[in-house]
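J.: The primary structure of each chain is shown beneath.
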Amino acid sequence: DAGITQSPRHKVTETGTPVTLRCHQTENHRYMYWYRQDPGHGLRLIHYSYGVKDTDKGEVSDGYSVSRSKTEDFLLTLESATSSQTSVYFCAISDSVDNSPLHFGNGTRLTVT
Amino acid sequence: AQTVTQSQPEMSVQEAETVTLSCTYDTSESDYYLFWYKQPPSRQMILVIRQEAYKQQNATENRFSVNFQKAAKSFSLKISDSQLGDAAMYFCAYRGTQGGSEKLVFGKGTKLTVNP
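Protein chains in written order, with my numbering: chain H, 117 to 229; chain C, 46 to 161.
The reader is advised that the hints may include incorrect statements.
Far from chain H by the CB rule (all over 10 angstroms, computed), these chain C residues [as the list claims (entries may be wrong)]: (1) Glu-60; (2) Ser-67; (3) Gln-89; (4) Ser-110.
Simulated pairs of lysine to aspartate or glutamate, EDC-like, Cα-Cα distance not exceeding 16 angstroms [said to hold, decoys possible]: (5) H/Lys-173 with C/Glu-147; (6) C/Lys-100 with H/Asp-214; (7) C/Lys-118 with C/Asp-76; (8) C/Lys-100 with C/Glu-60; (9) H/Lys-186 with H/Asp-170; (10) C/Lys-115 with C/Glu-97; (11) C/Lys-156 with H/Asp-214; (12) C/Lys-153 with H/Asp-170; (13) C/Lys-153 with H/Glu-175.
Since the hints were derived computationally from the structure, they do not count as laboratory data. Cβ coordinates follow ideal geometry from the N, Cα and C atoms, glycine included.
Bound-form chain C, shown alone:
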């Protein structure tokens, strides 16, 4: 079964600075999809960014970008110019393309604190 590991339970960053959240995953598939979700204190789950494994180019959404290293099975999230509103739990998630492709497997999350 695929597993997703987020090795940093908590991270902190100063407002306006850059922070990188780590995510690694275990899979034997060559084709799959990766996602980062944000969960602010409101509890709402919000999609931040997604990446297709067959695409070599790293996905970018405004201040959010990923560093996708397929060989290393690594999918880190970089937040540039951090804002107070970025404070949240961040979850990395994996979806395969073979058996069980309906399911998203989540990591345990990283709590990000943004200091003013």
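Bound conformation, chain H alone:
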């Protein structure tokens, strides 16, 4: 399995607090992604990165920001968490944009109360 570590695995936080989720890879892959998974919605792309300091928005980026200061780390920040951001968050990596699949981390379950 691709070396992807997400931390934390679970988190409970209160509305209005900032939250940062971390994704760390050991594969030296260029592309990194943050998806959220919600029942009835599948996986939806929040933000992605195509290199150090190079990021772009996905389809559900409102309320989220990301940073990638090193190849191996991709951080997702909720500046002020809301209950609608309760979800399972997946990080994924890919080494190219052809038929290379995304390799996923084990996910972070975030609950905003």
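Position chain C against the provided structure of chain H, taking the given hints into account.
T.: Showing chain C alone in chain H's frame:
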């Protein structure tokens, strides 16, 4: 924007039988890639099979095969000799080759139950 539709929220199959999961997609591109992922209760996302649109031959991986109909924009997954371990959520995904090719677009998933 490309969209992926999985019209069956839930499916069930008897152990050892065959089941087909449906996936359709909307795109104006002629070159692209399609994937099926499996998500068991452990939450891990596992690649099942992939298909390049320029290849006419349907991809096969052991008991898993696809029926790729490019003109119909259809990409169904057939699971033969179903096993209890096949019970999972299955997601179809699309990746284009033009603008935005970095992204995988997922369908909403099909929950597969395997009955003993």
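J.: What's the verdict on C/Lys-153 and H/Glu-175, does the C-alpha distance respect the 16 angstroms limit or exceed it?
T.: With a Cα-Cα distance of about 14 angstroms, the restraint between C/Lys-153 and H/Glu-175 holds, given a limit of 16 angstroms.
J.: Measuring Cβ to Cβ, find out whether C/Gln-89 lies farther than 10 angstroms from everything in chain H.
T.: At roughly 6 angstroms from the nearest Cβ of chain H, C/Gln-89 sits no farther out than 10 angstroms, so the non-interface label is violated.
J.: Holds or violated: is the Cβ of C/Glu-60 farther than 10 angstroms from all Cβ atoms of chain H?
T.: Consistent with the label, C/Glu-60 stays out of reach of chain H, its closest Cβ about 26 angstroms off (over 10 angstroms).
J.: Does the alpha-carbon distance linking C/Lys-100 and C/Glu-60 stay inside the 16 angstroms limit?
T.: Not satisfied, since the Cα-Cα distance of roughly 31 angstroms exceeds 16 angstroms.
J.: Can we confirm that no CB of chain H comes within 10 angstroms of the CB of C/Ser-67?
T.: holds, 14 angstroms
J.: Given the hinted pair C/Lys-118 and C/Asp-76, is their Cα-Cα distance within 16 angstroms?
T.: holds, 12 angstroms
J.: Within 16 angstroms, alpha carbon to alpha carbon, are H/Lys-186 and H/Asp-170?
T.: holds, 11 angstroms
J.: For the pair we were handed, C/Lys-100 and H/Asp-214, check the Cα-Cα distance against 16 angstroms.
T.: Holds: C/Lys-100 and H/Asp-214 sit about 14 angstroms apart, inside 16 angstroms.
J.: Within a Cα-Cα threshold of 16 angstroms, do C/Lys-115 and C/Glu-97 meet the stated pairing?
T.: It holds: about 10 angstroms lies between the C-alpha atoms, which stays within 16 angstroms.
J.: Are the Cα positions of C/Lys-153 and H/Asp-170 separated by 16 angstroms at most?
T.: The given pair, whose Cα atoms are some 28 angstroms apart, is violated under the 16 angstroms limit.
J.: Hey, C/Lys-156 versus H/Asp-214, does the alpha-carbon distance stay inside 16 angstroms?
T.: Distance ~28 angstroms between C/Lys-156 and H/Asp-214 Cα, so the pair is violated.
J.: Report holds if the minimum CB distance from C/Ser-110 to chain H is greater than 10 angstroms, and violated otherwise.
T.: C/Ser-110 is indeed farther than 10 angstroms from all Cβ atoms of chain H, at 17 angstroms.
Hint violations for this structure: numbers 3, 8, 11 and 12, all remaining hints satisfied.
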